[in-house]
Amino acid sequence: MIYEGKQKIWSDYQKEIPDDHWYYVRSCIRQNFFPASERMFTEITRNVLGKDMYETPFHTTCGGIAYHADTIPQETVMTIVARQFALMTEAGYENYCPSCITSFGNYAEILETWREFPELEARIRENLWKACRREFNKPKYLAHTSDLIYHWREQIREKAKHLLINRETGEPLRIVEHIGCHYAKMFPHKGVGGAEYPYVLAGMVESWGGEVIDYPERRHCCGYGFRQYHVKANRGYSVSNTHKKFESMEPFHPDAIITNCPGCPYFLDRWQYVIAEQTGKTYGRNGYGIPVFTYEELAGLVLGYDPWDLGLQLHQVAVEPLLDKMGVEYDPKAKYLGLNKEDLMKPEMPSSIKCC
Amino acid sequence: MKENVVIIGGGVAGMEAAKQLLTLGYNPVIVERSAQLGGHVAGWHKLFPDMSSAQELVKGLRRDIAEANVFLETRLNSLQRTKSVYTVELNNGVRLTSRAVLIASGFELFDASKKEEYGYGVYDHVITNADLEAWMNGREDNRIPAQPQSIGFVHCVGSRDLKAGNSQCSKVCCTTAIKQAIELKERFPEAEVYCFYMDLRLFGKKYEDFYINAQRDFGVHFIRGRVSEVGETIDGRLQIKAEDTLLGKPLKVQLDLLVLMSGMVCNPIAKQLADKIRLQIDSDGFLKSRDNIAAIGESNQPGIFYAGACTGTKTVPETLAEARAAALSIHTYLMNQ
Amino acid sequence: MTDFGFHLSKSSQLDLSRVDRERLNRLYELEPGARICMTCGSCGATCMAAPYSGMSVRKMLLHIERGLDVKPLLSKCMLCGKCTMVCPRGINTRNLILNVCKLYD
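Residue numbers (the working numbering), protein chains in the order written: chain A, 194 to 549; chain H, 831 to 1167; chain C, 46 to 150.
Some hints could be false.
[As the list claims (entries may be wrong)] BS3-like cross-link-like pairs, simulated, lysine-lysine; straight-line CA separation at most 25 Å:
{"id": "1", "chain 1": "A", "residue 1": "Lys518", "chain 2": "A", "residue 2": "Lys352"}
{"id": "2", "chain 1": "H", "residue 1": "Lys1036", "chain 2": "A", "residue 2": "Lys378"}
{"id": "3", "chain 1": "A", "residue 1": "Lys474", "chain 2": "H", "residue 2": "Lys1082"}
{"id": "4", "chain 1": "H", "residue 1": "Lys1015", "chain 2": "H", "residue 2": "Lys944"}
{"id": "5", "chain 1": "C", "residue 1": "Lys55", "chain 2": "A", "residue 2": "Lys474"}
{"id": "6", "chain 1": "H", "residue 1": "Lys1079", "chain 2": "C", "residue 2": "Lys55"}
{"id": "7", "chain 1": "A", "residue 1": "Lys208", "chain 2": "H", "residue 2": "Lys1079"}
{"id": "8", "chain 1": "A", "residue 1": "Lys201", "chain 2": "H", "residue 2": "Lys944"}
{"id": "9", "chain 1": "A", "residue 1": "Lys201", "chain 2": "H", "residue 2": "Lys993"}
{"id": "10", "chain 1": "C", "residue 1": "Lys121", "chain 2": "H", "residue 2": "Lys1079"}
{"id": "11", "chain 1": "H", "residue 1": "Lys876", "chain 2": "A", "residue 2": "Lys437"}
{"id": "12", "chain 1": "A", "residue 1": "Lys378", "chain 2": "H", "residue 2": "Lys993"}
{"id": "13", "chain 1": "H", "residue 1": "Lys1082", "chain 2": "C", "residue 2": "Lys116"}
Quick caveat, the hints were computed from the structure, so don't treat them as lab data.
Generate coordinates for the entire structure from the input sequences, incorporating the hints supplied.
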């Protein structure tokens, strides 16, 4: 691997990311999958970094999930998105950051489509006006929330309590970075580092002391594929793609996986259990899996937040092996206590994959 | 006093034209940007279909044009036409007048790093056709392992690629890949060699025989399908993906060396020249001939002639033939003035 | 083992690094013509078995070279010799098929 070669490509794909005043929109599913991630994003950006991160409870889905599952036409999606932009405009913002990768791709696709076909944009403005008497400006800047954490990665490093370094050996932890397909595969220039060698997560890993693993199936989709997973008959195909990735990364012995998409961490995490059940194979050491994190969770660990406040007990694959390597202190007995210290009860543990 | 004919470009086209112009009694003046004559051919090792030496060809041409004026490491500052005379100003201060100018600026090799998915400049064992020729000419290259077990060739890198901005077929790469595959099999008989092609375009004299040789005598594997991406395994080998389009199945293979057959794109200098003297650019991005069948060596401007790959992708013999024809066209033009 | 109602799918991706080269080279020795097929498909076009079974010498060779099972294709060959007649590269397809039977069946 020629690192300078990657740096050259990264330098070709840089995007302007304003340092403050963002209009934040949440994902449909992330709060269910990784309940503390979005909360941690607002916590870190507002309270640790002191940024203006505005959000409103009136925003809805962007429609991307239905669009990608072939259940609503694109014009409907565009009108939904137009309403989101109207809310941003009404709040006085012009920098728009969605938490979801598919949303980010959806917004990018719609803005590009409007640029190419202004008459379509005019029709959508008319649709929006007829539907809810709203008007909008298009965002001046569009960034995914992982772009923002990337943008502020060095500030996070400065405040770090723990680094992505093995406490015992002093070696950098080996991290797989997995990018959501809709981040840059459609529009390589809209992603930090492009689509072939994205830098958005790699940059965080490097800043926080870790080492990025480049394995042959790095560019492969996590396997979620919306209706591929949603339709049970297709799930074998969905998990097979995840399996392919794990088989490819296995020889590199990753310590963890970092992701920036709502679906990827969920499937990379949960499918490890399903693969273990079906094949008896696990990909971490000593019968454990490879822990999978969102970038907010990993930023939270680096900044010294309690792993259970980060919601890491909701992961299928045990995160403790990574916590131990990083030297993160945690109370095993508090793992399944709710926010009010109420006992949520320990879930049933699978026998095929070791969980704590 | 002999009449000047300015030749822009000292590759084999410019040299061959100079040789003919000398014979016809002119004083050819070659303006070459680099430090040596011979262009791309000077960097090549052997030429298909007879494995003749590229160095010998260039050496012979150099000998033949010993009497020509040659400006190396020289660029054109300006080119202006007044009545029927061109005034050429070089960046070394020299000023020439010439009633005819031959453009033989040739091609530029497609920058393989633009096809990011192939990892040229990123992965340790990815090289181009030109890198391989330089290595065969004796340049050290630590990207080429001492004993490769498995070698791949990707045809059409930057050619027939609308996304890369090049619709054209580069013509020589299929045969070059076969030639280089054979040369590597000769050096590494134990290695499996795979050529990934979209179509095999073996149009020239004995090219098809070359293909049969590669199959029958050297066991080169030909796989119809374009490589889609390259990755690196834990032990630093390359893993590539392609589809075997004849079987309709995706495939992967691990390689110790991957050679990218970078295609030809028009030399950007030709475009700068075109701006200076209002020459036309054809739809394929190369200089536009007055007529692509009857007058390939003539431009739309009086006294401006073309030879070689400035008007499109060419083989060496085609280029040499065009250079000879251009010399004669120039002669006829000057006689009739 | 839990039954989820779905299973890992079998991948159709070929892995050329796993092809049995020794056996393939043996075939090339027994019938050197096997190396020079240019996949024109005239053999399959004229093959008696092709319309009913999918057999063609071109396909059979590709299967072997990519490490796939050829038995189902081979079993339908009638050894009529029409493919030898049409092959523009003069491959002795009869000798090829008989040797494939020996090595791969």
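Going down the list of hints, with the structure as the test:
1. A:Lys518 - A:Lys352: This hinted pair holds, its Cα atoms lying about 19 Å apart.
2. H:Lys1036 - A:Lys378: Distance of about 43 Å is beyond 25 Å: violated.
3. A:Lys474 - H:Lys1082: holds (23 Å)
4. H:Lys1015 - H:Lys944: violated (28 Å)
5. C:Lys55 - A:Lys474: At roughly 16 Å apart (the allowed maximum being 25 Å), Lys474 of chain A and Lys55 of chain C satisfy the hint.
6. H:Lys1079 - C:Lys55: Roughly 13 Å between the alpha carbons, so the hint for Lys1079 of chain H and Lys55 of chain C holds.
7. A:Lys208 - H:Lys1079: violated (38 Å)
8. A:Lys201 - H:Lys944: holds (11 Å)
9. A:Lys201 - H:Lys993: Cα-Cα ~20 Å, so holds.
10. C:Lys121 - H:Lys1079: holds (23 Å)
11. H:Lys876 - A:Lys437: violated (43 Å)
12. A:Lys378 - H:Lys993: holds (15 Å)
13. H:Lys1082 - C:Lys116: holds (23 Å)
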